Amino acid sequence: MNPLTDITLAHYLGLSAILFMIGVTGVLIRRNVLIIYMCLEMMLNAANLALVSFDRFQDTGGSGQILVFFIITVAAAEVAVGLALIVALYRKLQKTDIAQLAGLKF
Amino acid sequence: MSELLLICLASPLAAVTAIAFGAPARKSALIAALVSLIGTLVLAINFDPTASGYQFVTETEPLALDSFFNIQFAVGLDGINLPLVLLTSVVGLAAILAVPSRISSEENQAGEGGYFINLLLILFGAMGAFASLDLFYLYIFHEVALIPTFLLMGYWGNGDKRFSATQLALYLMTGSLILLGGIFAFYFSMPEGMQTMDLREMEAVMDGKAQSAVLPLLVVGFGILVSLFPFHSWAPSAYANSPAPVAMLHAGVLKKFGIYGLLRLAVPFLPEGMESWTNVFCVLLLMNVLYVGLVTIHQKKLDFLLGYSSVMHMGYLFLGLFSMKAIGLSGVILLMVGHGLSTALLFGLAGEIRDRAGTLEFSKLGGLATKAPLLSFLFIIGAMASIGLPGLANFSGEILIYFGAWEAGLYWVTAMSVLGIVISAVYMLRAVRSVFYGELSPESGRVNDLVQWKERIPYLILVVGLILVGIYPKLILKWSETLFGA
Amino acid sequence: MNFMHIFSSPEVILLLTAVLILVFESVLTKFSDHAVRMFAIFGALLALGACFCPWSGALGSIGSSTDLIFYEADGLAQFFRLLFLITVIFVLWMTGDYQKRFPVAGREFCAIPLLTTVGMILVASAKDWTLVFVGLEIVTISFYVLVAYQRNLASSLEAGVKYLIIGALSTGTLVYGIAFWFGTTQSTQLDALAFVMSDDGALSTSVLLSAALILAGVGFKMAAVPFHAWAPDVYQGAPTPVTAYLATGSKAVGVVLLIRLFYLTGLGMQELESQVSLIIGILAAASLLLGGLAALPQFNLKRVLGYSSITHAGFILLGLSACWQGRELGLEAVLIYLVVYIPASILVFWILSTYADELDGGEYSAFHGLGKRSPLVAFAILIGLVSMAGIPPLGGFIGKFAVMAAVWEAGSYWLFFIGLATAVMGIYYYLQVVKLMYWNEPEEGGPTFHLSISTKVVIGLLSAFLLLIGLWPKPLEWMVGWVLTPS
Amino acid sequence: MEALIFWIVAVGVTVSAIAVVANRNPVASALCLATSFIFLAIAFLSLQAFFLAMVQVIVYAGAVMVLFLFIIMLLDLKAEEKRSISWGKLALLIVLLVVPLAVFQQIAGEVNEETEVLSWSENQSSLGVKELGEALFQEYLLPFEATAVLLLIATIGVVILSQRQATPKNHAKGSETS
Amino acid sequence: MNWLILLPPLLAAIVITLFTRPFPKLSSYISIAACLVSAVGSGILLFSDQASGMLDWEWMNLPGLRITIGAMGDPLARMMLVVVTWVGLLIHFFSLGYMAKDPGKARFFAQLSLFMFSMIGIVLANNLVMMFIFWELVGLSSYLLIGFWFQRPAAAEASKKAFIVNRVGDFGFLLGILGVWATFGTVDFAELEKVISNGVGANPITQGGLMLMALGLFMGCMGKSAQFPLHVWLPDAMEGPTPVSALIHAATMVAAGVYMLCRVFFILDLSPAALQVIAWIGMGTALFAAVIATRQNDIKRILAYSTLSQLGYMVSAVGMAGAIEHPEYGTTAAMYHLTTHAFFKALLFLGAGSVIHSLHHEQNIWKMGGLIKKMPVTGWTFVIGTLALMGCPYITAGFWSKEAILAVALEANPVLCILGFVTALLTSFYMTRLVIVAFFGQPRGDEVEHAHESPLVMTVPLVLLAIPSLIAGYLHIDQFIAGGKVEHHVDFLLLGGSFVVFAGGLAAGWYVYWQKNEEPLTFGFLKLAENKFYFDELYAATIVRGQDLLAQAMAWFDQWIIGAVLVRGVGATAGLLGQCFRLFQNGMIQTYAWIFLLGVLLLCLVMGVLS
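So the protein lines, in turn, are chains A, B, C, D and E. Take the first sequence: its letters are residues 1 to 106, numbered as in the numbering used here. Take the second sequence: its letters are residues 1 to 486, numbered as in the numbering used here. Take the third sequence: its letters are residues 1 to 487, numbered as in the numbering used here. Take the fourth sequence: its letters are residues 1 to 178, numbered as in the numbering used here. Take the fifth sequence: its letters are residues 1 to 611, numbered as in the numbering used here.
Honestly, the hints are just simulated from the structure, not real lab data. Remember, it's a predicted structure, so these values are computed and weren't measured experimentally. Please note that a few of the clues may not be correct.
Said to hold, decoys possible - Derived lysine to aspartate or glutamate pairs resembling EDC-like cross-links, with alpha carbons at most 16 Å apart:
1. K474/B / E58/E
2. K367/E / D446/E
3. K95/A / D76/D
4. K300/B / E361/B
5. K100/C / E358/C
6. K373/E / E453/E
7. K78/D / D97/A
8. K95/A / E81/D
9. K372/C / E444/C
10. K372/C / E112/B
11. K301/B / E112/B
12. K367/E / D491/E
13. K105/A / E363/C
14. K194/E / D269/E
15. K474/C / E59/B
16. K92/A / D76/D
17. K374/E / E453/E
18. K25/E / D102/E
19. K372/C / E443/C
20. K364/B / E443/B
21. K474/C / E3/B
22. K82/D / D6/A
23. K374/E / E447/E
24. K301/B / E443/B
25. K435/C / E361/B
26. K478/B / E325/E
27. K301/B / E361/B
28. K300/B / D548/E
29. K367/E / D269/E
30. K100/C / D357/C
31. K372/C / E358/C
32. K367/E / E447/E
Given only the sequences and the hints, what does the whole structure look like? Please build it.
Written out as structure tokens, the structure is:
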């Protein structure tokens, strides 16, 4: 089996894992709260990719896709609320840099 | 009759409720304590020493689920806890009567309620802990007294009161939680089907190995509550810094809970465990007697001296327990009563002196016997009881403990702890010498004698108890005669 | 499908109440805040009543499912939805006094908790990942809104953003975990894992990975170490009633999900069970120690409660870690723990929210001499804190007792002693407040405490409950028996 | 063909995702995110999830990204300033990234034993819009309806959070009576 | 009957304490009446059949241990009882005068009655535990009475010292009792005697064990009878009122140790080695105290050391009894001497008291002189007492009893006998010194000039005590004690020796001290004796200081190691850890994300994802 030409479930899972890790990296190193939020969306998408590929390669009756559908819906709602929150924060403090957001600590 | 026990138990609680809803604090507390005392006296008179098992039992339905320990509320009396319940009500009454003047003063009308509520809760807890027949409630009742003690100590105490109170609370809770582990271990080590929390249904069925595994937890748990070396450091400062009535109740009554627990659980059900751990705990109890005794000698203040002395005496009680002989165990019961009464007396009187003189430092006191003869007389009786003078309750207990321990073959341990009678004489007489003998110091000059009867009564009650039990120990021994039959 | 039944199921009643509130708020503005709140409480009470209807699980009949089960109102679900509903009633109730002080809060503030509760109840009764996920997200998203509700306060917004980021992170891990769960079981049903596991006992890497990732998601909800970091900040910054709801309802959602995933559906898959028990034991130990230790040097009660809620998560996990190989004591213990922990928590938060100003947002300096300034308030805090500290005879002790017993029975002695140490630390920091209240003299000219009737009622109700249940825990036994008896 | 598409998608997704993280300009990041979403949609297509691919494009690349861009514009965000790299964090990060790769290797081994190579020619019972709709409105009706609650909350939440600072009502007045 | 003797003093003590304290006169009468009842009772008992009408009261009854408060009716007890009650009665009367003006008179009489009760209890004791109970009680009353003038620091210290030293003795006594009980299974004297005579103990015991047991019992005696090395308390105890010194620290209580030894002799007899030790310690104390007595200036202290010395005689007699043919001769001799000693030593103390009373508490003999003219009755009775103590041949009781002891010593061990003679010589010497310096010669000091004879209530007891001091030797007390088993045989060696030492001491004393106004003998060794061989200092430097240092070290350890390092250390560590954990909570979302994700990673690892 040639890993370059024969595409298996593992390939897709690997892609999803890479995407997830990139998202994690973004969350950990970026300071702009919007970018962090984008990276979080990326992680959700990685999960979606994994679900869809599991669904494709296994006999599941399509329930994986339905799950993805729900996840996309939820993610959209989450994005809306999250962005509204970020806007509210910006209005109050004129900040999006989370490093400056440490009023509550210890 | 069994309702009477419940009434005795409930009367402090009823008084608490009444005070919370605005009844006159002092009177309610007094009535509650009197009801308890009279009730327990009636119970004691009606107690049938020949009957086996518990008497005056009241119980609720056992719970249906097996998986949860079959907790059941049950109270009852036998020869072991009857003296302690009686002791509780006697010391309780004395403690309630012996209100420090700053608490009963006019400007403290509001605080009085809180004071008595907490005091009554301590009384309630102690009474319940001794009367309960279910391990769960035994444990709970003991803990009921903790927070009130803590609050009273920190608010009405003296010196480094807050630290002492906090230390007490943390230390005792640690002990209780270790004890909880011990209780679990005890429960789960019993063979399937025999597991019970009910004292009445327990049987000595555990095998030796399990016994030796369970015992140290129980002894350490209870030991912390009793201030067994090296877990004693909470006690002296707590007693020294707490208001006198709290010290009376705690040192006099509540502290006996640990010994009582071991008497209930370890002695009858874990004999082999006791035996296998005797050496270790004998070393600890000797440290209690000798090491703490020496520390006591070095104290410079009366309250700390009394605190350490009460720690020291716990060594004797442990010795009696580990003797595992009928004589020694009878001695333990007697000494618990005697020590309870004498400690309460001493702490109460020390409190009176502190209230009047403003200090308890030996270097500042002296010659009190000239100024306050009655107070001194009572204190010397207490001191003499504490160092084990015949005719007072402690002696009969101590001597039986020595006999028991000797019978058990603990020769060296006994010999070394008998040395305690010298050590205790040294520090107690030093204290008496510095406080009551000698020339009158300016601080002592401020001390008035116990002039009013309401000041005298609490201590007279305790003295009468000491003498009564001292002269006629059978009064108490006859209750437990059938329990440790040979 | 019986529409009447569906419309009278608790979730739908809550939903309708919330919608009605929203509608009336925009159309008819002449109702007072008070009336709106009363209406919300009424709705919650109605839902509470509806839980006892024989058809209270009617939602399960929605959808013409053939072999998929989405929703089942079994004993556990029933227990938790009662818990959620009672909690939300108190939260709504305490919102009243809070709103008077922070009037920016609109009437939506009453509607959102109702919807949150819908999500919680769905999670409690769900048997399928889709429903679990949607329910969880209902809870999470509504908490984003609730935590940041006081937009005019920087702290509230900051807490909101923290909750948002960490919450989204946990959603991400959870979803990834669900993906691998799905990959293993090839089904979205929760109990499918049991079938897979019983087919071949071996634990595949993906099962373990998914278990770990899902635990992270649940751990976030419960505020268990190491997914706890948000808790102290958010507890401190969020509006107090919301904090109360976070500490009680939100935590319980995590608990019920954990039970569902690993202990009820998973009974029989011993391999995974022991693995999960161990890991939960470790999480428990970490939560206990960290929460307990970090709470020691604090000076703000809300923050302390944040840390202490980490330790409570630890105690709950402790109970769960003890139930493997068919031991039910741990499970019973957890249920009991929740029943006694939540009222104590609510009691303290009630005071903190009602007297947010007087108590300066929970700063310790505001507690000096409270015992003299307002005996009843101080008494309520005393009861609440002492119960949480697990000192007899208050209810909190029963919870700790049960958990510790379970741990001991399971033979995890090291966990027992860690729990012991934590309990002692807990006593220290809870009593810290008690000391301030009773030992210190009140400052001159401090604020006066106005006791409303509802405050008195709540204090009376909850403290009576805590006291009685501590001295007479029998009802808890009944309850546990009823919850865990398979119907 | 399958392989070619996969590798294009893989490279595209990875590069654009890295670009999201690496770009200091938020607008550029957002655009890269959109690109990666589109590549993901292609991946969905390659997995014969046609409807989901459409949804991905519409919801994510369309709605969500527009929302992001809109907010970025609204807040007028500038590029982040350059920061010095914390080596400790970097090391941790590498650990954090390497361990999952090892985990992944194990999982890959496991799943490849059970599943086959991707092939479009195989008649996979793919889920069309119709099937999906039926499933959603019949079997999955309850979660679907629950989603409605979620959206309701999201709506309320957005409204509340993005309201202009409500004028604080008079403190002393207590409950309003308007 | 026994209760009739035992209880009246107790009742008197209680009644005085509770009710009649404000009325000193009434109180003293009550006390005397009680003592009179006891005295009459014991008198009746003396002449009645033994053990009739004795009632036991069961104090405790536990498996293997039955303790009664009962009574012994053997001659030993009856004789001792008479001595105790009648000497006590006389001292009660004397106290009426001596304490007449003291504000604490009522308290004094209450405590005196308490003492009488306790002492009678010891005498009546029919088992070891009962004896121990009353043993402790006499300790208490002695403590209270020594510290009667508690305002005086010296009295307060002395009382404390007496109690503590006695406690050291009691420590051994109690261990001895425990040993006896464990070995023979009972503490009752009668039963013990039966068991031992049957030769069966309940438990086997080695000779070493027996010796330890016997020495334990002896240690009780050592404390109470102030034998070396526990003798230090007795001289200090003279801080108490003089009637107390007479009654407790001369006639009765200190003799209780000897009484106890006689009582348990049948146990001691099992261990000859222990008896040897007892004999040597006794004689050593006798000699040692006699040496010290020669150099004391305080009238009461001289008497105190002479008491020590005489007690040493008695103890030694008991010890030597093990080595002679008829052991009962030894105990009888001891009891005989005890009895006579009680009379003449009480007489001497009361005489001293009378002197002190009239000199307003002047006790230094060098500040007296010529008192025989001022106080003839006191003076001449004192001389009688002195003669008795010196063992003036034939005319005094002391001579006969001392002879009995020396006879035992002669038979048992010649070295001890010689030491006994030396002691007698010294006794004769220092008593001569005392009498000559205090009562003869010129008055030295104003107080003496104004001295006058004491009132009748004080002098009558002196006279009454002088009579038995003279004639008791002819009453065959020893015969009575031994149940008629003692044979007198005159040994001329002994008689001659006694004459020589009596006369020699008298002559030497006369020669040295006649008409001297200050101490003429001043060489080095005597300095040592003057300072009591520095025993107080030695004890202060070793035992007391050692104990204080140890206590200090322990207290330091308790406060800093256990209290601070261990207990507070745990708390501080927890607090420190808490501070550390807090630092993670730095408010940065990214830190939280790090914690979260590292947590996930760890979780995966622990879970065994990487197998």
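So, going through the hints one by one against the coordinates:
no.	hint	result
1	K474/B / E58/E	holds (9 Å)
2	K367/E / D446/E	holds (9 Å)
3	K95/A / D76/D	holds (11 Å)
4	K300/B / E361/B	holds (6 Å)
5	K100/C / E358/C	holds (13 Å)
6	K373/E / E453/E	holds (9 Å)
7	K78/D / D97/A	holds (11 Å)
8	K95/A / E81/D	holds (14 Å)
9	K372/C / E444/C	holds (12 Å)
10	K372/C / E112/B	holds (12 Å)
11	K301/B / E112/B	violated (28 Å)
12	K367/E / D491/E	violated (43 Å)
13	K105/A / E363/C	holds (14 Å)
14	K194/E / D269/E	holds (14 Å)
15	K474/C / E59/B	holds (14 Å)
16	K92/A / D76/D	holds (15 Å)
17	K374/E / E453/E	holds (6 Å)
18	K25/E / D102/E	holds (11 Å)
19	K372/C / E443/C	holds (10 Å)
20	K364/B / E443/B	holds (6 Å)
21	K474/C / E3/B	violated (22 Å)
22	K82/D / D6/A	violated (42 Å)
23	K374/E / E447/E	holds (11 Å)
24	K301/B / E443/B	holds (14 Å)
25	K435/C / E361/B	violated (28 Å)
26	K478/B / E325/E	violated (48 Å)
27	K301/B / E361/B	holds (4 Å)
28	K300/B / D548/E	holds (12 Å)
29	K367/E / D269/E	violated (48 Å)
30	K100/C / D357/C	holds (11 Å)
31	K372/C / E358/C	holds (14 Å)
32	K367/E / E447/E	holds (8 Å)
Taken one by one, the earlier hints fail for this structure at numbers 11, 12, 21, 22, 25, 26 and 29, listed in ascending order.
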